[in-house]
Amino acid sequence: MINQLEYPLLSALIFLPIAGAIFVALISRAKETWIKGTALFFTSLTFLLSLLLFTHFDKTTALMQFVEIGEWIPAWGVKYFLGIDGISVLFILLSTLLSILCVTISWHSIDKKVKEFYASILLIEGAMIGVFCALDLFLFYIFWEAMLIPMYLLIGVWGGPNRIYAAIKFFLYTLVGSLLMLVGIILLYLFGGRTFDVLQIMNVNYPFGLQIILFWAFFAAFAVKVPMFPVHTWLPDAHTEAPTAGSVILAGILIKMGAYGFLRFSIPILPEASVAMAPAMMVLSVIAIVYGGIICLGQTDLKRLIAYSSVSHMGFVTLGIFALNTQGVEGGILQMVNHGIVTGALFLSVGIVYDRTHTRQISDYGGLATVMPVYAAFFMVFTLASVGLPGTNGFVGEFLILLGGFTASKPLGIIAASGIIIGAAYMLMLYQKVFFLETNTKVARLKDMDSRELMTLLPLLILVIWIGVYPNVFMGFMDESVKNLLERVNNTQTLPPDLSRIIEGNK
Amino acid sequence: MNPLPFPDLMPFAPEIIMLSAATLLLMLELFVKNRTIISAICLAASMGVILILPQSQGITFNGMFINDGYSMYFKIIFIVGLVMTILISLKYIDRERPQRGEYYSLLLFATSGMMIMASSKDLVVLFLGLELMALSTYILAGIKPLNIKSNEAAIKYFMLGAFSSAFFLYGLALLYGLTGSTDIYQISERLRQTEPTLPLILSMIMIVVAFSFKIAAAPFHMWAPDVYEGSPTSVTAFMSVGPKAAGFAVIGRVFYVAFESIQSDWSIALIVIAVLTMAVGNILALCQRNIKRMLAYSSIAHAGYMLIGIIAGTSESLHSVLNYLLIYAFMNMGAFAIVILLEKGEDIEDYNGLARSHPIVAAIMLVFMFSLVGIPPTAGFVAKFNLFLAAINAGYLWLVIVAVIFSSISAFYYLRIVMNMYMRDNISETPEILLSPSLGIAIFVSLVMVVAIGIVPSLVVG
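Those protein sequences? They're chains A and B, same order as listed. The first sequence begins at 0 in numbering that gives the first Met the number 0 and counts up by one. The second sequence begins at 0 in numbering that gives the first Met the number 0 and counts up by one.
You may find that some hints are simply not true.
No more than 30 angstroms apart at the CA atoms, straight line, and that leaves these computed lysine-lysine pairs for DSBU-like [unchecked claim]:
| hint | chain 1 | residue 1 | chain 2 | residue 2 |
| --- | --- | --- | --- | --- |
| 1 | A | LYS111 | B | LYS155 |
| 2 | A | LYS58 | A | LYS78 |
| 3 | B | LYS90 | B | LYS155 |
| 4 | A | LYS432 | A | LYS446 |
| 5 | B | LYS155 | B | LYS343 |
| 6 | B | LYS343 | A | LYS112 |
Calculated from the structure, these hints are not laboratory results.
All chains, full assembly: derive it from the sequences and hints.
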């Protein structure tokens, strides 16, 4: 474990937004510009600070970096233990970036309870970064759950017409999963020598039967968040009803936490169970890919379509992760980042027209390409990235995942590849219906994007191309950590014989 | 024959302070019209109890009365409940009830009863404390003489309370017949030498029933919703903390000590009650329209969780119950304080649009509601985590999973309040708030404790 900096950078990243939320809460309700400005200031400052991770991260080691350790609850052996490695570093950068965009995209569209809105965004940002940094299970759980409160408000207060239903559904789904994980965490703690330290727990050899139970306990929390089939049903409602910023956070970061949880906790702590359960996980992933894609074909609501496409795309991510080989896992991580960028961008784009038209029905649009040419160009790039066209980031991630998935299981790899075709179908149909065909009179007089909206989408556009053309900058971060993770998994001895054939490709 | 030595009064000193303050107030209330002076005396008495508590350890009255770490922790919980109740009552009780009366002295008498219960080493003393507490709370429930619901509450509470006392006495009589003693420690000693017999089990069940009434555990909970709804809100707040904690104090003492040898038997009885209590409390809370009834069912549910700590039967789990009670006292008192703060705050529809008209009040209520669900970083999470940890460690994994499922159900009804405050709008009128300094202090203290314990659990753990 190392900390290459003299100062506690990770704590600063977590608590700066939280401090920002307190500042926002103290500003007078009437001064809305001040509130927005403060939120923008704190998110930008956090982003600039997080760039230090980008520059100072040591790519040659799988050790935890930027580590901070302090006593917290001595009676239970709970520590304030933060640190990141190649698996988590990119998500922190993604969180800090998307948070700024959430502030700028909401500048005019949020007009009630402004103070609470920006405070919630800042609190969510702090908790999200905390989730990716925590190396103490107790601390992790605190951040994981604490995020529910502002997220629940974000959907329920500023969301669409059906927001209350969506908010409560989101909350209950996640809560049930999280509480089962809590039981799992307590079991890990009691059987692992009364410590919540993830690095120490990783070195405990839990008996196989217990590992299976724990795997499903953690699965309950992570699968709901991802969301994996069949516990995905909260997602379309929550994503559709949430305000634009909420959808961006949900699609961009929050659902990545589930997959991150598998990588950080389930696989390294419970390697035997993960290997044994990998086929089941891969099957569920492939079902999500195909099922999510087919549902997308029938959607009439812009946001709902993109929401269901997340189910399909996250299916690719979990497929890659549970392929348990280098290409699969690296592809999975990269695809998570990609999906955060692309789907974040798509939700932001939908938010931009929604602010003008206040409708999400695809049939209300048409011919936007002539009305809003710049916007159409941006949307085109994001659509192609979502489809996975070579030259965009989506291609790199999905290609690696299919490679890994194919190595692990040929039939599943083939079925998963068909998901890409379905993806191309629904995304291009969406683009055609919204941007081409005859210009709908309802949208004939819309203004193109202003500079604020342009600046919101531009960073994501750059990233789409950058990762698409030269992914090594980002892949380089994760190489060592992924290698280390897979060594742990592949050193496991107690494979059940009947399953070993399926995962032969790993070795 | 030696003359009996005068008993050492030091272990009884906290109760002496409380009882004399209560008696003093009974007379003073005839002459002193100023509520502030009266409540100041109550607060001074509470302060005196807290100050003298650390020095008053020991056993007295021929071994009938014990003041140990266990009872001292409970006394702190009782005092927290009492002080909070007094702070939230100050303006409220005048508003509710124009007649003057013995409100404050009854609160002190009830608290004295609880303190005696927590400290009793002898079942007869326990009964004494139980009745002192119970009789005072019966009157408190009916202290609005012209309000029909308050009357109903008092009568119901009295009838069912009398039943439960009778059950307790039957159990006690059987136990005395079997062991020839009423001393809890001697009973334990004698029971250890004998095999469990049918009368012993019968007496244990009677005592389980009696205490289940006191902590409002299902299926002996029926009085709670009506009594909570009918009583003045400050009394409801008081009843949801103090008497419940006192019930747990005696459950701990009687079952862990007297019935130590038949732990496997009483834990089965309590498991049934605990599961039933969690189910009834959480499921019936879902369909309540009145917030006091909802909080009544919620307090039934919380009693169910706490019973798990008793069932687990380790000192770690007993400790977690104590912490749970203390944390529950703060968050529940806080929630009731907000109910009192609103002029019209009994129906859950009254909370519609509160975030718009009174954003700070709504934000504070939000913290209490999330704490009652048990979401970090609030104290409610620390309480639940501590309890679940101890119970799993004692081997009751399945019971914890049941509790976990029911507590996710509980999120639904607590969140409904949040939902009404933040996501619905009040079309008709803006809710009035009636803030008094003492109420403000009570809310502030509960809020600070709920947040502080949530962030620094070491305040209570260990």
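Hints, one by one, checked against the model:
At roughly 47 angstroms between alpha-carbon atoms, A/LYS111 and B/LYS155 are farther apart than 30 angstroms, so this suggested pair is violated. The straight-line distance between the Cα atoms of A/LYS58 and A/LYS78 is roughly 26 angstroms, inside the 30 angstroms bound, and the hint therefore holds. Distance restraint check for B/LYS90 and B/LYS155: the Cα-Cα separation of roughly 27 angstroms lies within the 30 angstroms cut-off, and the hinted pair is therefore satisfied. Taken as a hint, the A/LYS432 and A/LYS446 pair is honoured in the structure, with Cα atoms around 19 angstroms apart against an allowance of 30 angstroms.
Between B/LYS155 and B/LYS343 the CA atoms are separated by roughly 25 angstroms; this keeps the pair inside 30 angstroms, and the hint holds. This hinted pair checks out: B/LYS343 and A/LYS112 have alpha carbons roughly 24 angstroms apart, not beyond 30 angstroms.
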